[in-house]
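S.K.: Sequence:
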Amino acid sequence: MSNEIIYLTAEGMNKLKEELNHMLSVERPAAAAAIAEARDKGDLSENAEYDAAREAQGLLEMRIAQLEHTLSKARIIDETKIDTSKVQILSRVKLLNHNVKREVEYTIVSENEANLREGKLAIGTPIAKALLGKKVGEIVEVQVPAGMLKLEILNISI
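Per the numbering used here, numbering of the sequence shown is gapless, rising by one per residue and ending at 159.
These are computed hints drawn from the structure, not numbers from a lab.
Do not rely on the hints blindly, as some may be mistaken.
Dumping the calculated DSBU-like pairs for lysine-lysine here, alpha-carbon to alpha-carbon at most 35 Å [unchecked claim]:
#1 Lys82 x Lys42
#2 Lys74 x Lys42
#3 Lys130 x Lys18
#4 Lys42 x Lys130
#5 Lys136 x Lys102
#6 Lys136 x Lys82
#7 Lys42 x Lys87
Computed beta-carbon distance windows for the label pairs [unchecked claim]:
#8 Ile159 x Lys74: 21 to 29 Å
#9 Glu153 x Asp52: 53 to 61 Å
#10 Asn116 x Asn156: 43 to 51 Å
From the three backbone atoms N, C-alpha and C, an ideal C-beta is built for every residue, glycine too.
Build the full structure now, drawing on both the sequences and the hints.
M.R.: Laid out in structure tokens, this is it:
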């Protein structure tokens, strides 16, 4: 795994910690209990319930490892030190989509905090990459699966 730092908001860090705590205190014991219950049903070589419980436990352990890794590399971003003269992580960007003549607003966040329904755009997406470092008034063209987007930056805030 890489040594890169993962930048998160305080809210994002707390959500990941809560998810990890829930997995460790609730889901892991439940998975162990499901395996024990399936094991008690007899022959393990033909026990589909046992196999399913073991697979579920494996997926759970993988997610726990991912969360622990993310949290070990995570640093909270100090929102008071964010420069709003250009787009960067945690910037809230109001854009005019010239293709459909409609305004949209996104907050650029880490991959772990991305949620398009909430307007949180992952920093690794083509749109976010094109916006990084740009200033109000600049127009960017972004190749997306649906074609070429032409976006004008109307406002940058936190």
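S.K.: Sort out whether Lys102 lies within 35 Å of Lys136, counting only the CA atoms.
M.R.: Holds, because 20 Å separates the two Cα atoms, which is no more than 35 Å.
S.K.: Does the structure keep Lys74 and Lys42 at a Cα separation of 35 Å or less?
M.R.: Violated, at about 42 Å.
S.K.: Decide if the proposed pair is consistent with the structure: Lys82 and Lys42, CA atoms, cutoff 35 Å inclusive.
M.R.: Roughly 59 Å separates the two Cα atoms, so the pair is violated.
S.K.: What's the verdict on Lys42 and Lys87, does the C-alpha distance respect the 35 Å limit or exceed it?
M.R.: The hint is violated at about 62 Å.
S.K.: Taken at face value, is the distance from the CA of Lys130 to the CA of Lys42 at most 35 Å?
M.R.: 53 Å, violated
S.K.: Cβ-Cβ distance between Glu153 and Asp52: within 53 to 61 Å?
M.R.: 55 Å, holds
S.K.: Is the hinted range of 43 to 51 Å satisfied by the C-beta distance from Asn116 to Asn156?
M.R.: 21 Å, violated
S.K.: Next pair to validate is Lys136 with Lys82; report whether the Cα-Cα distance is within 35 Å.
M.R.: 17 Å, holds
S.K.: Given the hinted pair Lys130 and Lys18, is their alpha-carbon gap at most 35 Å?
M.R.: Within the cut-off at roughly 27 Å; holds.
S.K.: Starting from the range 21 to 29 Å, see whether the pair Ile159 and Lys74 falls in it by beta-carbon distance.
M.R.: The hint (21 to 29 Å, Cβ to Cβ) holds, given that Ile159 and Lys74 are roughly 23 Å apart.
In summary, the numbered hints that this structure violates are 1, 2, 4, 7, 10.
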